[in-house]
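Peer 1: Sequence:
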Amino acid sequence: MKPEAFYTWKGEKKVNNIQLVGRLTRDPELTYTPGNGLAIVKFTLAVNRPRFDKNKPQEADFINCVCFGKRAEAIANYVQKGYRFGVIGRLQINKYTDKEGNNRWSTDVVVEDFEFMQDKGNNNNSSSNNSNQNVQQNNTEDYTEIIGSEDDIPF
15 MKPEAFYTWK
25 GEKKVNNIQL
35 VGRLTRDPEL
45 TYTPGNGLAI
55 VKFTLAVNRP
65 RFDKNKPQEA
75 DFINCVCFGK
85 RAEAIANYVQ
95 KGYRFGVIGR
105 LQINKYTDKE
115 GNNRWSTDVV
125 VEDFEFMQDK
135 GNNNNSSSNN
145 SNQNVQQNNT
155 EDYTEIIGSE
165 DDIPF
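Take 15 as the starting number for the sequence shown in the numbering used here and just add one per residue.
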């Protein structure tokens with residue numbers, strides 16, 4: 015994550031700043047505001063708590079996140095349930111009144127920056143991998159096999 019995300023436009027350090035790395039608990043929900051059509055994405059990030067006693071089970075916090083604009087569209091298009099994802103943002107507490115007239119509060123992380131952290135090999139697209147193998151097997155007489163991986167490409 016970029017260190018400049020910790021500073022305001024005047025170069026002052028932010029007081030309300032949060033960094034999280036976790037996995038999405040479900041696919042992001044993308045909506046648009048009526049009128050100006052601003053993109054809004056909401057998702058929940060499962061963040062593991064530190065485990066000091068290895069005999070106890072792993073515990074996680076489930077943190078609601080929201081992002082706006084082009085970044086929201088990028089998250090909705092490239093991230094899905096189970097993906098490892100890092101966010102930088104600010105904590106926001108919203109007060110609202112429920113149907114019974116009771117005051118309620120919700121806590122969200124307003125995402126200001128993010129990083130895709132999913133490994134290329136862990137994207138669980140086995141169906142697309144199988145179809146690629148079938149294409150390679152069917153067209154072997156027209157092409158020569160290239161040995162190596164994409165990591166061997168010098169650019």
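Because the hints were derived from the structure by calculation, they are not lab data.
Don't be surprised by glycine CBs; every beta carbon is placed ideally from N, CA and C.
There's no promise every hint is true.
To be verified - Just the calculated beta-carbon pair ranges, DEER-fashion:
{"id": "1", "residue 1": "Gly-96", "residue 2": "Asp-122", "range": "43 to 49 angstroms"}
{"id": "2", "residue 1": "Asn-69", "residue 2": "Glu-114", "range": "41 to 47 angstroms"}
{"id": "3", "residue 1": "Trp-119", "residue 2": "Arg-63", "range": "19 to 25 angstroms"}
{"id": "4", "residue 1": "Val-124", "residue 2": "Glu-73", "range": "36 to 42 angstroms"}
{"id": "5", "residue 1": "Asp-67", "residue 2": "Val-35", "range": "33 to 39 angstroms"}
{"id": "6", "residue 1": "Asn-108", "residue 2": "Asp-67", "range": "24 to 30 angstroms"}
{"id": "7", "residue 1": "Tyr-92", "residue 2": "Thr-121", "range": "23 to 29 angstroms"}
{"id": "8", "residue 1": "Lys-95", "residue 2": "Asp-67", "range": "15 to 21 angstroms"}
To be verified - Calculated cross-link-like contacts (lysine-lysine; reagent style DSSO-like; alpha-carbon spacing at most 30 angstroms):
{"id": "9", "residue 1": "Lys-109", "residue 2": "Lys-84"}
{"id": "10", "residue 1": "Lys-95", "residue 2": "Lys-109"}
{"id": "11", "residue 1": "Lys-113", "residue 2": "Lys-68"}
Peer 1: Tell me, in ascending order, the numbers of any earlier hints that this structure violates.
Peer 2: Result: hints 1, 4, 5, 6, 8 and 11 break, sorted rising.
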